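Residues per chain are reported as follows:
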Amino acid sequence: DAGITQSPRHKVTETGTPVTLRCHQTENHRYMYWYRQDPGHGLRLIHYSYGVKDTDKGEVSDGYSVSRSKTEDFLLTLESATSSQTSVYFCAISDGGGPDTQYFGPGTRLTVL
Amino acid sequence: GQNIDQPTEMTATEGAIVQINCTYQTSGFNGLFWYQQHAGEAPTFLSYNVLDGLEEKGRFSSFLSRSKGYSYLLLKELQMKDSASYLCAVRDRKGGSYIPTFGRGTSLIVHP
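Chains as they are written, first to last, in the working numbering: chain A, 381 to 493; chain B, 634 to 745.
Be aware that a few hints might be false.
[Stated by the list, open to error] Computed list of lysine-lysine pairs in BS3-like fashion (alpha-carbon distance at most 25 Å, straight line):
1. A/Lys433 to A/Lys450
2. B/Lys727 to B/Lys701
3. A/Lys450 to B/Lys727
4. A/Lys433 to B/Lys727
5. B/Lys690 to B/Lys701
6. B/Lys690 to B/Lys709
7. B/Lys714 to B/Lys690
8. B/Lys727 to A/Lys437
9. A/Lys437 to A/Lys391
[To be verified] Now the in silico label distances, taken between C-beta atoms and shown as ranges:
10. A/Asp442 to B/Glu710: 41 to 47 Å
11. B/Ile650 to A/Thr462: 41 to 47 Å
12. B/Lys701 to A/Ser449: 41 to 47 Å
13. B/His671 to A/Thr491: 17 to 23 Å
14. A/Arg389 to B/Arg699: 36 to 42 Å
15. B/Ser740 to A/Thr491: 19 to 25 Å
16. A/Asp453 to B/Asn636: 30 to 36 Å
17. A/Asp453 to B/Lys701: 40 to 46 Å
Derived by calculation from the structure, the hints in this document are not laboratory data. These figures come from a predicted structure and were not determined experimentally. Every residue gets a Cβ at the ideal spot worked out from N, C-alpha and C, and that includes glycine.
This is chain A alone, in the form it adopts within the complex (with noise of 0.2 Å):
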């Protein structure tokens, strides 16, 4: 299994307060993603790093931002959080080469009150 984890695994908080997600690899891995998961919708992309300090926006970015300062951690922050953002957050890796398949990581699940 490749080396990546989550923190925190669940977190309850309420609206308008910041929350902070951190997602680690041990595979020194080129690209780091986040992505959403609600019923209904799937998985859909917020925002990808391609290297350190490269990053670039996915399909559901608003009130998101990420940071990648190390190859290893990769954080997305939600400035102000929203009901709306009750979901659970995947972060996943692959390194960039063919066929560059992607893996997850176990999932935060976050509730926003």
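Assemble the complex: chain A is given as a structure, and chain B must be docked to it using the hints.
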């Protein structure tokens, strides 16, 4: 953008064969993936197709037709543990990278 379509739910009987279809529209196709996701768990990689044809891996096979924008995942000798969601993902060019986009997933229920 991409449009990826797969059935929402399918049911099948233990020991049978089931085919899960995925159709897509994309401008810069660079590979198609199938993932399996059990309830409450992370997706795990099943198969990858980038050229037309069939890729076989044990009880699971995946087929791709790029000209038709079509793929299927074939599961043989179904077992109860195959009850899961199956995600089709298409990789497309985004800026200088190739990024996968996922369909909404097909929930497979295997009955005894």
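Do the hints match the structure? See the list:
Annotation: proposed proximity of A/Lys433 to A/Lys450 holds, straight-line Cα distance about 8 Å (limit 25 Å). Pair hint B/Lys727 plus B/Lys701 holds up; C-alpha atoms about 22 Å apart against a cutoff of 25 Å. About 23 Å separates the Cα atoms of A/Lys450 and B/Lys727, which keeps this hinted pair within 25 Å; it holds. Distance restraint check for A/Lys433 and B/Lys727: the Cα-Cα separation of roughly 18 Å lies within the 25 Å cut-off, and the hinted pair is therefore satisfied.
Using a Cα cut-off of 25 Å, the hinted pair B/Lys690 and B/Lys701 holds, with the two alpha carbons roughly 23 Å apart. Straight-line distance between C-alpha atoms of B/Lys690 and B/Lys709 comes to about 11 Å, which keeps the hinted pair within the 25 Å bound. Of the supplied pair hints, the one linking B/Lys714 and B/Lys690 holds, its CA atoms being roughly 17 Å apart against a limit of 25 Å. With a C-alpha separation of about 10 Å, the suggested pair B/Lys727 and A/Lys437 falls inside the 25 Å cut-off, and the hint holds.
Restraint check for A/Lys437 and A/Lys391: satisfied, since their Cα atoms lie roughly 24 Å apart, inside the 25 Å limit. A beta carbon spacing of about 45 Å between A/Asp442 and B/Glu710 agrees with the range 41 to 47 Å that was offered as a hint. Restraint check, B/Ile650 to A/Thr462: a C-beta distance of roughly 45 Å satisfies the suggested window 41 to 47 Å. Between B/Lys701 and A/Ser449 the beta carbons are some 44 Å apart, a value that agrees with the proposed interval 41 to 47 Å.
For B/His671 paired with A/Thr491, a C-beta distance near 22 Å keeps the hint of 17 to 23 Å intact. A hinted range of 36 to 42 Å holds for the C-beta pair A/Arg389 and B/Arg699, which are about 39 Å apart. Between B/Ser740 and A/Thr491, the C-beta spacing of about 23 Å keeps the proposed range 19 to 25 Å intact. Between A/Asp453 and B/Asn636 the Cβ separation comes to about 34 Å, which falls inside the hinted range of 30 to 36 Å.
For the pair A/Asp453 and B/Lys701, the supplied restraint of 40 to 46 Å holds, since their beta-carbon distance comes to about 41 Å.
No hint from the list above goes unmet by this structure.
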